[in-house]
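S.K.: Got chain A; can you put chain B on it based on the hints?
Going line by line, the protein sequences match chains A and B. No gaps in the numbering here: position 102 of the first sequence is 102 in the numbering used here, and each next residue is one more. Quick note, the numbering used here runs 1000 ahead of the 1-based positions in the second sequence.
Read the hints as simulated data drawn from the structure, not as lab findings. Beta carbons: idealized from backbone N, C-alpha and C, even for Gly. Incorrect hints may appear among the rest.
Claimed, not checked - Have a look at the derived ranges for each label pair, beta carbon to beta carbon: (1) B:Thr1160 x A:Cys126: 51 to 59 Å; (2) B:Gln1342 x A:Asp49: 19 to 27 Å; (3) A:Ala145 x B:Ala1203: 41 to 49 Å; (4) B:Leu1174 x A:Asp29: 31 to 39 Å; (5) A:Ser147 x B:Thr1160: 43 to 51 Å; (6) B:Ala1169 x A:Ala145: 36 to 44 Å.
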Amino acid sequence: MKRPVPPLSVLIVEDEALLAMDIEAMVEDCGHVVVGAAASLYDVEALADDLRPNLAFVDMQLAQGTNGLDVCRLIRLRWTDTFIVFVTANPRKVPDDYCGGHGIIPKPFSRNGLMAAMHYIEEGVCDPPPTSSSPSSFVASPAFAASWDS
Amino acid sequence: MDERDDWRLTDDIKHEMGSGDPFAAAVRATRMPMVITDPAKSDNPIIFCNEAFQALSGYTRTEIIGRNCRFLQGPKTDRASVRRIGEAIDEGRDIAIDLLNYRKDGSTFWNALYLSPVRNAAGTIQFFFASQLDVTDRIETQTAIVEEKVGIEREVERRTVELQSALEAKTLLLHEVDHRVKNNLTMIGSLLRLQARTIGDPAISDKLEAMLERVDALATVHRRLYQSDDVTRFDVGAFTENLVSDVIGSSGRSEIDVISDIDRIVIPSKMAAPLGLVLNEVLTNAIKHAYAEERRGTLHVSAKRQEDGARITISDDGPGLSGGGPPAGGLGAALIRRLSQQAGATVQWADADPGAKVTLSFKAGDE
Chain A
1 MKRPVPPLSV LIVEDEALLA MDIEAMVEDC GHVVVGAAAS LYDVEALADD
51 LRPNLAFVDM QLAQGTNGLD VCRLIRLRWT DTFIVFVTAN PRKVPDDYCG
101 GHGIIPKPFS RNGLMAAMHY IEEGVCDPPP TSSSPSSFVA SPAFAASWDS
Chain B
1001 MDERDDWRLT DDIKHEMGSG DPFAAAVRAT RMPMVITDPA KSDNPIIFCN
1051 EAFQALSGYT RTEIIGRNCR FLQGPKTDRA SVRRIGEAID EGRDIAIDLL
1101 NYRKDGSTFW NALYLSPVRN AAGTIQFFFA SQLDVTDRIE TQTAIVEEKV
1151 GIEREVERRT VELQSALEAK TLLLHEVDHR VKNNLTMIGS LLRLQARTIG
1201 DPAISDKLEA MLERVDALAT VHRRLYQSDD VTRFDVGAFT ENLVSDVIGS
1251 SGRSEIDVIS DIDRIVIPSK MAAPLGLVLN EVLTNAIKHA YAEERRGTLH
1301 VSAKRQEDGA RITISDDGPG LSGGGPPAGG LGAALIRRLS QQAGATVQWA
1351 DADPGAKVTL SFKAGDE
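Just chain A, same shape as in the assembly:
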């Protein structure tokens, strides 16, 4: 696969406005670009096809009774190269196969934790394998490491 070059384009799917704003700010602090924000599955459906984010942060419980797993499936269908990271207070609700996603950032996250995870993910996406050690704030799925060989 063709490796993206930083800055990464990032989609944030989070129904809590405060958290969405906060994650946006930290993503930008890390030098990346937020290209879209969605609060529900319907919002993700409404996004333009050519958005093609490199990375999506996806909350599990979303607005209008929708959930992160369905969003994950939709993203995989629409943008096959997008890396998907769940950001959730309930990591146990993510299935064993991560629904094809690449990892979990458990809530509550810290600024340092989220930014360390962001750096690690950037290395894994743009120039694998990552040289920094895996931060405790990020639980990678097997699919993440598997993507390094492709």
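M.R.: Only chain B this time, still in chain A's reference frame:
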């Protein structure tokens, strides 16, 4: 008296007064209720009953003689037991069985019936002999015990179901509260971070940044506590490692190397927040002073169990206490002093040449 005469005796005992035969007299006089029936006659009627049987059943002899024994049965008599008696009679063998019988006045009694065929010399059944014993007390006691046992088992089952559903409700509630606490901590952190970004004055934004790190430390305490299976205990060793990687492994400070040696150190969960905050202050203070202005270095972190507790040391290779040391004044110093006191911990600062070494000593569990 030959055998033939033996059988003749039984002929005689149907006469109430008997003939002075000692066996017949004994049967008539015994306290054990007894009857004899004649299967040769239609419907196997009773041809003899003694006084004790009359007393037990409440019927007089004239009401008894000539009737089949089934007149003692009633609505609550067990049909299966009656069937078994019928089978024993048909097959000509004896049977012992407990049967619910009815007296003349309608009252019931438990009858320990023993029934046996009496054969003549040719082996043909000539009579059936039956003895009865009122065992109502024994049966009722047994029944009461069985009923009590069933009752207790049912009650235990009911209480178990209740307790299980109470536990499920409690677990659900705990998860809900945990979820909300996490969400609130995340939102508090987000609010502080968003505010910090809008402040131009570096002195104020530094203070806000420090406050944010404290909230983050608390969030990490909470996360670790609820990820574990036992919310009453807290592994402060794993927390320390977590905190160090969060604080140092973050943006910009990859030039600080960390060497850690961490034991599992279990403390009561109520000590988790104060001790976690103290560790956060010590750690952020070390980074701020020892590695100021992008200075490179190595931070040693060790968390070891001791005989009477545990010790966590954080050693930097910065300029030592002259350049940093225990923070005097300010909120950080106050937090370290008061919170370590609350957690029953002592904090020692020492020059380590190079750098400074901070040691936290406190009580901890055995494992």
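S.K.: Okay, leucine 1174 of chain B versus aspartate 29 of chain A on CB: inside 31 to 39 Å?
M.R.: holds (35 Å)
S.K.: Kindly confirm whether 43 to 51 Å is satisfied by the beta carbon distance between serine 147 of chain A and threonine 1160 of chain B.
M.R.: holds (50 Å)
S.K.: Go ahead and decide if the range 41 to 49 Å is satisfied by the Cβ distance of alanine 145 of chain A to alanine 1203 of chain B.
M.R.: With a Cβ separation near 44 Å, alanine 145 of chain A and alanine 1203 of chain B satisfy 41 to 49 Å, so the hint holds.
S.K.: Has the hinted range 51 to 59 Å been met by the Cβ atoms of threonine 1160 of chain B and cysteine 126 of chain A?
M.R.: Since threonine 1160 of chain B and cysteine 126 of chain A have Cβ atoms about 57 Å apart, the given range 51 to 59 Å holds.
S.K.: Per the hint of 19 to 27 Å, is the separation of the Cβ atoms of glutamine 1342 of chain B and aspartate 49 of chain A within bounds?
M.R.: violated (57 Å)
S.K.: So does alanine 1169 of chain B sit 36 to 44 Å from alanine 145 of chain A, Cβ to Cβ?
M.R.: Cβ of alanine 1169 of chain B to Cβ of alanine 145 of chain A: about 41 Å, so the range 36 to 44 Å holds.
Violated hints amount to a single one, hint 2; each of the other numbered hints is respected by the structure.
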